[in-house]
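Novice: The task is simple: from the sequences and hints, build the whole structure.
Protein chains in written order, with the working numbering: chain A, 1 to 261; chain B, 1 to 322.
If you're looking for bench data, these hints aren't it; they were derived computationally from the structure.
Since the model is a prediction, treat every value here as computed from it, not as a measurement.
Ideal placement from N, C-alpha and C gives every residue a C-beta, glycine not left out.
Here are the computed distance ranges between Cβ atoms for each label pair:
id: 1; chain 1: A; residue 1: L248; chain 2: B; residue 2: T217; range: 46 to 56 Å
id: 2; chain 1: A; residue 1: I133; chain 2: B; residue 2: G134; range: 35 to 45 Å
id: 3; chain 1: B; residue 1: G134; chain 2: A; residue 2: G135; range: 39 to 49 Å
id: 4; chain 1: A; residue 1: S2; chain 2: B; residue 2: R59; range: 25 to 35 Å
id: 5; chain 1: B; residue 1: L54; chain 2: A; residue 2: L248; range: 15 to 25 Å
id: 6; chain 1: A; residue 1: A229; chain 2: B; residue 2: G134; range: 45 to 55 Å
id: 7; chain 1: B; residue 1: D166; chain 2: A; residue 2: V34; range: 34 to 44 Å
id: 8; chain 1: B; residue 1: R69; chain 2: A; residue 2: V142; range: 49 to 59 Å
id: 9; chain 1: A; residue 1: R24; chain 2: B; residue 2: S136; range: 18 to 28 Å
id: 10; chain 1: B; residue 1: G134; chain 2: A; residue 2: F134; range: 36 to 46 Å
id: 11; chain 1: B; residue 1: A109; chain 2: A; residue 2: L143; range: 36 to 46 Å
Sample of chain A residues facing chain B (criterion: CB under 7 Å; computed from the structure):
id: 12; residue: R9
id: 13; residue: P102
id: 14; residue: I103
id: 15; residue: G261
Given next are the chains, with one letter for each unit.
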Amino acid sequence: MSALVLNARVVAALGMRSIRQTFRRPQLIAPIIVFPTLLLAIQTGGAGGAVELPGFPPVQSFLQFMLAGAMMQALMLAGNSGGIALAVDIEMGFTDRLFTAPIPRFAIVLGRLAGTAALGLFASCWFLAIGLIFGAEIEGGVLGALLAMALVTTAALAVGGIGAAIALRTGSASVVQGLFPLVLVVLFLSTAFFPQELMIEPAKTIAEYNPLSFVVEGVREPIIAGINAGDTLAAVATIAGIFALGLLLSDRALRHRLRAG
Amino acid sequence: MPAIEVEGLERAFGDVLAVQGVDLTVDKGEIYGFLGPNGAGKTTTVRMLTTLLLPTGGRATVAGHDVVREARAVRASIGVALQEAALDPLMTGRELIRLQATLQGLPPAEGRQRADALLERVELDHAADRRVGGYSGGMKRRLDLAAALVHEPSVLFLDEPTTGLDPVSRKTIWEEVRALNDAGTTVFLTTQYLEEADQLADNVAIIDSGRIVAEGTPDSLKAEFGNPHIQLQIAEGSLADAERACAEVGRLLPPKDGRLIEVEVENGAADIPRVVRALDDAGIAVESLELVRPTLDDVFVAKTGYHIEDESEAADEEAVEA
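Specialist: Here it is in structure tokens:
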């Protein structure tokens, strides 16, 4: 068996473990699926009239607009949960088991990220299904839905890299968990839950330059209007940047951890 | 070629030298006991030999591979069961062993087959599909051992494999270690239990404050450093007077507990009457008295001036309470 196949099997096995771990630990799955679903229900139920406001982009329904925000919240928290799970592994010594195996050590990070990406895919399917069940239309059709799913999945992978880096650097689940409110702040200072046109300063300017807004718009456009090359490219570029940053920071944190023992 | 060869191995954490110039050689097929109290440097040494920690000085080879330059080859040759069984409580026993098989590069069918065989071997087949979080301490250690064996390593590192286990579970692990060794596996075993090192190890190194203070077979160490000693408990009279009386006959060993006195004697049983007479002359009533053959603890005392058992027993009690 070639080294590439062996390493792919290791990453897949660790990714599968990561997914099982998330579904078996309620405190990991709740932020990814339960909280965003509740928030989506509360917001669409209570603030549906917002679509009538001047400056609100043309949408079929507030639920249709909010789906991208719910998916963003899910993928951000999937990254955070992945970081928490990795930190728990470090705390209980499970990573030592992995470090004593004859595998490239970065495969441990990639395995965790594979699991986070799979959770992002699951979350995107979940929220698109909820949207369709409750009457939201996907204007971009099947291709639009697939594009949204691909962006959410890769964005989860990218954000997971940042979570993994923090986990590897600190080795503390409580520190990673402590970032939970920060994740929400960053999310609320993007266009995830409200159109930029209706925001007031300084939130409007922050949202304009918040990288998450580019990802949100990339996911939202195929849902509310149809596939838009400009928004898609901006989202892909942002995701690639976050992914590269996450990998770089994870690699450095892993090397530091291995040096320090 | 030895299974493990270590020369001048060092590890510093800031200004603290946790391991200070350790030299040792472990031949293929032997059980090597690495004995010492908590904080002596056992785990740090094992972490360096298993490539989890980079040495700051010296060199080491395991299964013929340098632990720094050929770390991956070392990892392919060794099995490791660390001090705290590093198990995911959310996984089942079967999932864990299969994951370990994948990590070791076994093909899926072979991994499944090995996992089933190992679970049966460590008598966990009945619990294989239960989550590890529900296992007892002994079951976790057996599972950890099985995971370390999935790729049939030539060198097995066991870091305090029986700490905190009840006597029955401890015996089960010992039997498994002996069976593995009989099959040709080299075992590097760290322990704070004197009996464990005495029962299992072909050779023993005693480590204290990061330095090896004695090395040899358990029998040779005991013969070299330990004399028989008389252990007695007084019923009435002053402990200080009793110690003074005993000191006239032999060398007093550091006190272990309350009214227990240990005095090392040169002539074994022949010195008992002298001790009794000395105590009688001092007006001390003796409650019990026995002649104790030398143990590895005596070797430890001879080299360090204190008992290893004091610390290991305390740790053991804490583990049992936990």
